[in-house]
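These protein sequences, in sequence, are chains A and B. Counting from 1, position 355 in the first sequence corresponds to residue 355 in UniProt numbering; the numbering is continuous, with no gaps. Counting from 1, position 113 in the second sequence corresponds to residue 113 in UniProt numbering; the numbering is continuous, with no gaps.
Rather than coming from a laboratory, the hints here were simulated on the basis of the structure. All values reported here derive from a predicted model rather than from experimental measurement. Careful: at least some of the hints might be erroneous.
No farther apart than 20 Å at their CA atoms in a straight line, the calculated lysine to any residue pairs in the SDA-like style are these [said to hold, decoys possible]:
1) A:K163 to B:A27
2) B:K106 to B:M140
3) A:K323 to B:L349
4) A:K186 to B:K106
5) A:K186 to B:S314
6) A:K278 to B:S314
7) A:K106 to A:G137
8) B:K278 to A:R316
2 protein chains.
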Amino acid sequence: MSNTQKTSEIVGSLLTIGDEILLGDIADSNSHYIAWELRARGFRLGRIITVGDQVEEIVEMISHCLLKSRFLIVTGGLGPTDDDKTSAASAIALGVPLVTHLDYRKWLEERLAQRGRDLSPEVARMADLPEGAVKLGQGMAGFFIEHQGIPCYFLPGVPHEMKTLLAELVIPDLEKRFPLRTRCMKRVIRVQGLLESEINQRLNDLDAREMAVEIGYYPQGRENWVTLFSTGESEKDCLERIDAAEAKVVARLGAERISGRNEETIEKVIGRQLLAKKWKLAVAESCTGGWVAKRITAVAGASDYFDRGFITYSNRAKMELLKVPGDLLESHGAVSEPVARAMAEGARLQAGVNVALAITGIAGPTGGTPEKPVGTVFISCATPEETLVEKHFFRGSREVIQESAAQTALVLLWRTLSK
Amino acid sequence: MSNTQKTSEIVGSLLTIGDEILLGDIADSNSHYIAWELRARGFRLGRIITVGDQVEEIVEMISHCLLKSRFLIVTGGLGPTDDDKTSAASAIALGVPLVTHLDYRKWLEERLAQRGRDLSPEVARMADLPEGAVKLGQGMAGFFIEHQGIPCYFLPGVPHEMKTLLAELVIPDLEKRFPLRTRCMKRVIRVQGLLESEINQRLNDLDAREMAVEIGYYPQGRENWVTLFSTGESEKDCLERIDAAEAKVVARLGAERISGRNEETIEKVIGRQLLAKKWKLAVAESCTGGWVAKRITAVAGASDYFDRGFITYSNRAKMELLKVPGDLLESHGAVSEPVARAMAEGARLQAGVNVALAITGIAGPTGGTPEKPVGTVFISCATPEETLVEKHFFRGSREVIQESAAQTALVLLWRTLSK
Numbered sequence: 001m002s003n004t005q006k007t008s009e010i011v012g013s014l015l016t017i018g019d020e021i022l023l024g025d026i027a028d029s030n031s032h033y034i035a036w037e038l039r040a041r042g043f044r045l046g047r048i049i050t051v052g053d054q055v056e057e058i059v060e061m062i063s064h065c066l067l068k069s070r071f072l073i074v075t076g077g078l079g080p081t082d083d084d085k086t087s088a089a090s091a092i093a094l095g096v097p098l099v100t101h102l103d104y105r106k107w108l109e110e111r112l113a114q115r116g117r118d119l120s121p122e123v124a125r126m127a128d129l130p131e132g133a134v135k136l137g138q139g140m141a142g143f144f145i146e147h148q149g150i151p152c153y154f155l156p157g158v159p160h161e162m163k164t165l166l167a168e169l170v171i172p173d174l175e176k177r178f179p180l181r182t183r184c185m186k187r188v189i190r191v192q193g194l195l196e197s198e199i200n201q202r203l204n205d206l207d208a209r210e211m212a213v214e215i216g217y218y219p220q221g222r223e224n225w226v227t228l229f230s231t232g233e234s235e236k237d238c239l240e241r242i243d244a245a246e247a248k249v250v251a252r253l254g255a256e257r258i259s260g261r262n263e264e265t266i267e268k269v270i271g272r273q274l275l276a277k278k279w280k281l282a283v284a285e286s287c288t289g290g291w292v293a294k295r296i297t298a299v300a301g302a303s304d305y306f307d308r309g310f311i312t313y314s315n316r317a318k319m320e321l322l323k324v325p326g327d328l329l330e331s332h333g334a335v336s337e338p339v340a341r342a343m344a345e346g347a348r349l350q351a352g353v354n355v356a357l358a359i360t361g362i363a364g365p366t367g368g369t370p371e372k373p374v375g376t377v378f379i380s381c382a383t384p385e386e387t388l389v390e391k392h393f394f395r396g397s398r399e400v401i402q403e404s405a406a407q408t409a410l411v412l413l414w415r416t417l418s419k
Numbered sequence: 001m002s003n004t005q006k007t008s009e010i011v012g013s014l015l016t017i018g019d020e021i022l023l024g025d026i027a028d029s030n031s032h033y034i035a036w037e038l039r040a041r042g043f044r045l046g047r048i049i050t051v052g053d054q055v056e057e058i059v060e061m062i063s064h065c066l067l068k069s070r071f072l073i074v075t076g077g078l079g080p081t082d083d084d085k086t087s088a089a090s091a092i093a094l095g096v097p098l099v100t101h102l103d104y105r106k107w108l109e110e111r112l113a114q115r116g117r118d119l120s121p122e123v124a125r126m127a128d129l130p131e132g133a134v135k136l137g138q139g140m141a142g143f144f145i146e147h148q149g150i151p152c153y154f155l156p157g158v159p160h161e162m163k164t165l166l167a168e169l170v171i172p173d174l175e176k177r178f179p180l181r182t183r184c185m186k187r188v189i190r191v192q193g194l195l196e197s198e199i200n201q202r203l204n205d206l207d208a209r210e211m212a213v214e215i216g217y218y219p220q221g222r223e224n225w226v227t228l229f230s231t232g233e234s235e236k237d238c239l240e241r242i243d244a245a246e247a248k249v250v251a252r253l254g255a256e257r258i259s260g261r262n263e264e265t266i267e268k269v270i271g272r273q274l275l276a277k278k279w280k281l282a283v284a285e286s287c288t289g290g291w292v293a294k295r296i297t298a299v300a301g302a303s304d305y306f307d308r309g310f311i312t313y314s315n316r317a318k319m320e321l322l323k324v325p326g327d328l329l330e331s332h333g334a335v336s337e338p339v340a341r342a343m344a345e346g347a348r349l350q351a352g353v354n355v356a357l358a359i360t361g362i363a364g365p366t367g368g369t370p371e372k373p374v375g376t377v378f379i380s381c382a383t384p385e386e387t388l389v390e391k392h393f394f395r396g397s398r399e400v401i402q403e404s405a406a407q408t409a410l411v412l413l414w415r416t417l418s419k
């Protein structure tokens, strides 16, 4: 690419037509897919808009998007039923008449003839496209039309048809039309043990403009993500900028807070740590009831380091499986520092493994007391060297408390293995 | 409700703020949830719009929505970081100044003080709301403001916070403001052990128009949902229609295939069955690694009937915890009918409970053989009377296989307890 020519970011719009999404019948899975595919190739959506099957609203939104977009993708409303209004509305928005696309009409005729049926007026309507439209795809709806230099792609809402046209026609065409678009790259940095506001405080004096990197913050349950997004003339430029920005971010947040990057979940990192140490893991869960084991075993190959999990919901189970002394349970209660410690050490001993993680707490909604309200959770990690115990308090629903306790326990395990 | 007064449909707008959705970082799960919840109560979304963190675009879209809506819901962009622009943009769109909400600011201060931290300028910004705004919720972002008779609800993008405010404040307020809206009702019928195509075959001759009920089919993992939706002047009308339609649907699908309705998950039904029998449950999981225990313990009060879970990932764990004979593991392999049976019976005996469920299989992606390919799963349920074993084969990713195996195991337990 010539460096004398300037590249620019290509921002477009996605318009989805269909009452079924607005009525909550189906989730809009197309938008996320399209946004991701475009971004990975250096295109970006400036807006995603879903409207129903009313011509006026479709016309209005197409017009709005054309004012703000380098390209437009519209999905849905191209079928044969009465509430398929996209073609008619697009003709109005683009200021051209609807004309019958003869090849497409002929194809529809032949296809129906093969099934021994005649072309119904409803199906025939599918061949009426805005003047100047180019049919996209074979055996499915979809067309392309250029309007004042803006490429407009009209795709079927059926996910596998949309995906086919996007991959085979839309993205290649966009890449041809915008060769000088800026490349872009993105990196997720997974931060543990810092609040979103604390992260922001530590990073907000970084000059994103100077670094030419956008910094974003996304709380993901108890884990916070810092995302670095860079656009540039080449992938190499982006990579250099992101590496430079990451160095600054890590310096401010502390390397010990960073558990991984991109798809590197904390359970994957823990797996690698255990393999490196040739250690086996056992977990003992009470209030999390399987959350931690489920996440550990979500990683392919977990059987190489995960030996077993004890879900000791009853006190009897804690005594029988983990050898937690009954008097400890009586004197301190199941949700207590000594019991958490005894669970971790018992799990480690009984399983005959190197490291064990234990969680005991009150997930609620009932079972809380003034001294130990719902959300009180003790987490313990036992290794050959030491047994650590932490007390935490989590707010929220039963599910939120269970999820938070599981995440926090995994962080304790990760920290312990990082020593 | 007086029949002389005409009811009407109340159509509103949903605006989602956040670059992360436009960039394809995360899928927008909130919109589907909100659309579904609103519709179930007789409200409807006319448009769902997602824009990025640019003030101008947010202002433009809020103004557009206000022109077309009886109500407006905005999610996201209320946090403490620099790219949280919703409050500032809404003030501009509504033509009022931003003012500091003193109670909220005080609450933020106190909350941080509890953690031994000072109120940073970033967090303090969260208390700057459009003049006239009413704070919504405790311990989370969110506010309400009425503009020219249009209620506008600004909610956090964090799903569990949004859901809490939607259920406890937004929907009750909407119902109070619009009592004369067209009523509508939706019922989900949870069907086990029938493919979507089989359900469709059995139901497609039902005349939805004659019943005045819309019938939908939604596969949810291994479980299939049949949804019945009806609108009318009163809840009574809707209820009568839906009850009549359900009777026809159940007659065609078979009552023994229906595990529950609406929020009645199979794990909740299993809990009720166990309480009624005064039975205790134990589970022994290998390939599902905690999925089943997690679902069982997701139900509040599970400790009344769930005693313990064994996650026996290694053969040693199967032998030590469940007393599975070593020669059985050697001769048949861990993934086999006899081992599944021995795991269920061992779990029942060792835990000293009435019923035990066991799962052993190959979740993949590796570990498959020609005789036992990835996706091969044995499921067993042991009661005082009998031990049932089923062999299943599931296609898909590791996660899909684990989820399918867990769901299928819960169905076996439910069927067994239904006898």
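For each hint, the structure was consulted:
1. A:K163 to B:A27: holds (16 Å)
2. B:K106 to B:M140: holds (13 Å)
3. A:K323 to B:L349: holds (18 Å)
4. A:K186 to B:K106: violated (38 Å)
5. A:K186 to B:S314: This hinted pair is violated, its Cα atoms lying about 39 Å apart.
6. A:K278 to B:S314: Given that 20 Å is the threshold and the Cα spacing comes to 15 Å, the pair holds.
7. A:K106 to A:G137: At roughly 15 Å apart (the allowed maximum being 20 Å), G137 of chain A and K106 of chain A satisfy the hint.
8. B:K278 to A:R316: holds (17 Å)
Of the numbered hints listed earlier, those contradicted by the structure are 4 and 5.
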